[in-house]
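Using the sequences provided together with the hints, build the complete structure.
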Amino acid sequence: MKDPLKTLRETRPLIHHITNWVTIYDCANITRAFGALPVMAHAREECADMTGIASALVINIGTLTSELIDCMIISAAAANKKGTPVVLDAVGVGATKFRDDMAAKILNSARVDIIKGNYSEVAKLAGEHAQTKGVEATSIDADPLQVAKALAGSRSCTVVMTGKEDIISDGKRTYIVRNGHERMGSIVGTGCMAASIIGSFASVNSDHCDAAKDTLCYFGVAGELAAAKSEGPGTFKMYLYDEVANLTDEKVKPLMDFEEL
Amino acid sequence: MKDPLKTLRETRPLIHHITNWVTIYDCANITRAFGALPVMAHAREECADMTGIASALVINIGTLTSELIDCMIISAAAANKKGTPVVLDAVGVGATKFRDDMAAKILNSARVDIIKGNYSEVAKLAGEHAQTKGVEATSIDADPLQVAKALAGSRSCTVVMTGKEDIISDGKRTYIVRNGHERMGSIVGTGCMAASIIGSFASVNSDHCDAAKDTLCYFGVAGELAAAKSEGPGTFKMYLYDEVANLTDEKVKPLMDFEEL
Amino acid sequence: MKDPLKTLRETRPLIHHITNWVTIYDCANITRAFGALPVMAHAREECADMTGIASALVINIGTLTSELIDCMIISAAAANKKGTPVVLDAVGVGATKFRDDMAAKILNSARVDIIKGNYSEVAKLAGEHAQTKGVEATSIDADPLQVAKALAGSRSCTVVMTGKEDIISDGKRTYIVRNGHERMGSIVGTGCMAASIIGSFASVNSDHCDAAKDTLCYFGVAGELAAAKSEGPGTFKMYLYDEVANLTDEKVKPLMDFEEL
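Protein chains in written order, with full-length UniProt numbering: chain A, 1 to 261; chain B, 1 to 261; chain C, 1 to 261.
If you're looking for bench data, these hints aren't it; they were derived computationally from the structure.
Be aware that a few hints might be false.
[Stated by the list, open to error] As a list, the in silico DSSO-like pairs of lysine-lysine whose alpha-carbon atoms are at most 27 Å apart:
(1) Lys6(B) <-> Lys133(C)
(2) Lys6(C) <-> Lys253(C)
(3) Lys6(B) <-> Lys164(C)
(4) Lys251(A) <-> Lys229(B)
(5) Lys164(C) <-> Lys133(C)
(6) Lys82(C) <-> Lys133(A)
(7) Lys229(B) <-> Lys229(C)
(8) Lys97(C) <-> Lys81(B)
(9) Lys81(C) <-> Lys133(A)
(10) Lys82(B) <-> Lys133(C)
(11) Lys6(C) <-> Lys164(A)
(12) Lys82(B) <-> Lys97(C)
(13) Lys229(A) <-> Lys229(C)
(14) Lys133(A) <-> Lys6(C)
(15) Lys82(A) <-> Lys133(B)
Small disclaimer: the values here were computed from a predicted structure and weren't measured.
Next comes the structure, spelled out in C-alpha cells:
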C-alpha cells in the first residue's frame with residue numbers, strides 16, 4: 001500500500017477491542033494517535049453488535065477470564081461473518097496452562113487473521129517448547145523464522161513475532177523489521193499497542209502481511225524518534241505519542257528498515 | 001457561584017465513580033487535579049455505602065456490563081435518597097441497542113441530575129434518530145439546542161452536550177460554551193474527565209446548570225493553555241494536568257467564553 | 001542489603017499483582033521502571049499458577065469484588081506454600097464495612113507478609129477507631145507508631161503506614177522514613193505503586209522491614225528529584241518515571257532520610 005497512514009487517517013475506521021485492563025488506555029490512545037477510532041466493549045450482550053459496526057477486531061488475552069474469552073469468541077465469529085479482520089495478541093501464552101488452553105480455544109472456535117506475540121508466546125502457540133515469564137519472552141530453542149512460517153502455514157493466517165527483530169510471515173512471504181528502539185521495551189504496553197495498530201492498518205489493507213510490516217516500521221520509527229529526545233521511560237512515552245501523531249508517510253519512508261526474505 | 005474552584009479546593013468533596021476501564025485512571029486523576037477526592041468502588045456489596053459518604057456520583061457506561069449497570073442503579077438510588085447529585089455519562093449510546101437499553105434502564109430506575117454525552121449520544125437519548133460510531137459522535141439531523149432543551153425538560157434534569165460548541169440546558173436556561181481546543185479530542189478520555197469534573201463542581205453548587213457551565217469553561221481554558229505549549233497528544237496530556245492544577249478562578253474568569261441564550 | 005536496586009535489576013523477578021483497575025497500569029510500569037517484571041492475572045483458573053512462577057505477590061483491594069477477593073486468597077495460599085512474599089495494600093479500609101470485612105477475610109485466610117496502607121487504613125485494620133474518606137486518610141486518634149507496632153506484633157508481619165512520615169515496623173524494629181514530596185500525593189496511584197515496589201524489593205530481600213524501608217527511601221528520593229523539575233502533576237508524573245529508571249544505589253544513598261527508633 002502506497003500511503004498507509006494517509007489512507008488510515010482519511011478512512012478513520014472503528015477498531016473494536018476486547019483487551020486487558022493494564023494497557024487498555026494505551027491501546028485506545030495509540031489507535032487514536034494513528035488516526036483510527038478505538039472502541040472497547042466487552043459485554044456479552046453487545047460485543048457482536050459493536051464488532052458489526054467496526055472495521056477490525058483486536059483481542060488481547062492479557063487479563064483474560066473465562067467470560068472475556070467467551071465474548072472474544074462471540075465477537076470473532078461476528079467479525080468472521082462480515083469478513084472483518086481479527087487480530088489476536090497472545091499475551092502470556094507459555095506462562096500458564098490456562099492461557100495456552102484459552103488461546104487454543106479461540107483459534108479453534110473462530111478464524112483469526114493475524115496472530116501476534118513475542119518469541120516465546122508464538123513458539124508456544126506453534127507447539128514448540130517455550131516458557132513465558134509472565135508476559136515477558138524467554139529465549140526459545142526453535143528457529144523463530146521457521147516457527148512463524150510454520151504457524152502461518154498451518155493456521156492460514158499472518159503471524160507477527162515481536163522482539164529485537166520483528167518477524168512477519170503469512171507462510172509464503174516473510175519480512176524482518178528492524179525499526180524500533182530498546183526504550184519501547186522499557187515501558188509496559190508497546191506490544192499491546194502494536195496489536196491495536198496492526199488492527200488499524202489491516203482494516204484498510206487486505207494484505208495483512210503488509211499491514212503488519214507497515215505497523216512495525218511506522219511504530220518503530222516513532223519509537224526511534226521519541227527515544228532520541230527522551231531521558232527515561234516517562235519522557236519517552238510522552239514523546240512517543242507526539243511522534244506517532246506527527247508521522248507522515250513521507251517522513252517514515254526513508255527510515256523504514258525491513259527486509260523481505 | 002463566585003469562586004467555584006476555590007470552593008471546590010476548600011471543600012475537597014469525595015466523588016464516587018462507577019466508570020469504564022479505559023479512562024478510569026484519568027477520571028480519578030483529573031478529579032484530584034481539580035481539588036476533589038476521587039473514589040471508584042463498583043462492588044455490589046459496597047457501592048451504596050461508598051455513595052453514602054460521597055458528595056457526588058458519576059456513572060459512565062463506557063465499558064458497561066449488566067452487573068455494572070445494576071451497581072450503578074443501586075448507587076444512584078443511594079444518592080437519590082441523600083440528595084447527592086448523580087451524573088450520567090452516556091458513552092456510546094446510539095452505537096448498540098444494549099447501550100440504548102441500559103441507559104434507558106438507568107434513567108427509568110433512578111433520578112439522574114445531569115445527563116452528559118456528545119451530540120449523537122444525547123440526541124439518541126432524546127429519542128431522535130442518531131448513530132454513534134463506537135464512542136464517536138456523528139452528525140445529527142435535529143437542532144442540538146432543541147434536543148438539549150427538550151431532554152432537560154422531559155427528564156427535569158440538566159443536559160450537557162459536548163462538541164465543538166458545548167450546550168448546557170436545564171430546560172429553562174441554556175448556555176453555549178466555546179472554550180476548549182481541538183487537541184482535547186486528539187486524546188481519549190477528555191469527555192469522561194469532563195463528567196468527573198461536572199460531578200465535582202455539582203457537589204459544591206446546587207445550580208447544576210451553572211456547575212456544568214463552569215466545568216466546561218474551566219476545563220476548556222486549561223485545554224487551551226496546554227495546547228499552546230504542546231506539540232502533540234503526549235505533551236498535550238501532560239500539560240493539561242499541569243494547567244488544571246495551576247488554574248485559579250482569577251486566571252480563568254477573563255478567558256471564559258460562554259453565552260446564555 | 002547493600003545494593004538493593006542493583007540486586008533487583010540483576011535478578012529481574014516476576015511480580016504478580018491482583019490489583020485495582022484505576023492504577024493497574026502504573027503498578028505495572030513502576031515495577032518495570034525499578035527493574036522487575038510485572039504481571040497481572042486475576043482469573044481464578046490461573047492465578048495460583050501465575051503466583052507459582054512469581055517471586056512476589058501484590059494484592060490491592062482498591063476496586064475489589066467478591067470474586068477478586070477469592071482469587072487473591074487462592075493466590076496468597078499458593079504464595080504461602082512456596083514461601084513467596086505477599087504484600088496486601090489495604091486500599092479504602094475504613095471507608096465501608098465490605099472493605100473492612102474483605103481485608104479481614106484475606107488476613108484470616110492466608111499469611112500476609114507485609115500489610116501496607118495509609119494511617120487510617122492501617123489503624124482500622126489494627127482495630128482502632130478510624131474512618132477513611134474513600135481512599136484518602138483521615139486523622140486518627142491513636143499513636144501511629146504504636147498502631148504499626150501492635151499490628152505487626154499481633155499478625156507477625158511487617159506493617160507499612162504511609163503518610164507525611166512513613167512508618168515501618170515488624171514489631172521489633174521500627175523505621176520512620178522522611179523521603180518523599182507532597183507532589184506524590186497530588187497524583188493518584190503513588191500509594192499503589194509503593195506496594196508494587198515493596199513487593200519487588202521484598203522478592204530479593206528476606207528482611208521485609210528493610211525492603212519496605214528501601215522502597216520508601218528510593219521511591220521518595222525519585223519523587224523529590226522529579227518534584228524539583230516539575231510544574232504540576234503532569235510533568236511530575238512524567239519525570240517520576242525518568243527519575244526512577246535513572247536511580248542508582250550510589251545516587252540514593254546520600255539522600256536517604258530515615259531513622260530507626
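>> Tell me if the straight-line CA distance from Lys6(B) to Lys133(C) falls inside 27 Å.
In response: holds, 20 Å
> Would the pair Lys229(A) and Lys229(C) pass a check requiring their Cα atoms to be no farther apart than 27 Å?
Replying inline: holds, 17 Å
>> Would the hint linking Lys82(A) and Lys133(B) be met if the CA-CA limit is 27 Å?
In response: Satisfied, since the Cα-Cα distance of roughly 17 Å is no more than 27 Å.
> Taken at face value, is the distance from the CA of Lys133(C) to the CA of Lys82(B) at most 27 Å?
Replying inline: With a Cα-Cα distance of about 17 Å, the restraint between Lys82(B) and Lys133(C) holds, given a limit of 27 Å.
> Going straight from one Cα to the other, do Lys133(A) and Lys6(C) come out at no more than 27 Å?
Replying inline: Roughly 20 Å separates the two Cα atoms, so the pair holds.
>> So if I understand the rule, the pair passes when the alpha-carbon distance is 27 Å or less; does Lys251(A) with Lys229(B) pass?
In response: The given pair, whose Cα atoms are some 23 Å apart, holds under the 27 Å limit.
> Hey, Lys81(C) versus Lys133(A), does the alpha-carbon distance stay inside 27 Å?
Replying inline: holds, 20 Å
>> Please verify whether Lys164(C) and Lys133(C) have alpha carbons no more than 27 Å apart.
In response: Roughly 17 Å between the alpha carbons, so the hint for Lys164(C) and Lys133(C) holds.
> Is the Cα-Cα distance between Lys82(C) and Lys133(A) 27 Å or less?
Replying inline: holds, 17 Å
> Going straight from one Cα to the other, do Lys97(C) and Lys81(B) come out at no more than 27 Å?
Replying inline: Cα-Cα ~20 Å, so holds.
> Does the alpha-carbon distance linking Lys229(B) and Lys229(C) stay inside the 27 Å limit?
Replying inline: The given pair, whose Cα atoms are some 17 Å apart, holds under the 27 Å limit.
>> Does Lys97(C) sit within 27 Å of Lys82(B), going by the straight-line distance between their CA atoms?
In response: holds, 19 Å
The structure agrees with every numbered hint stated previously.
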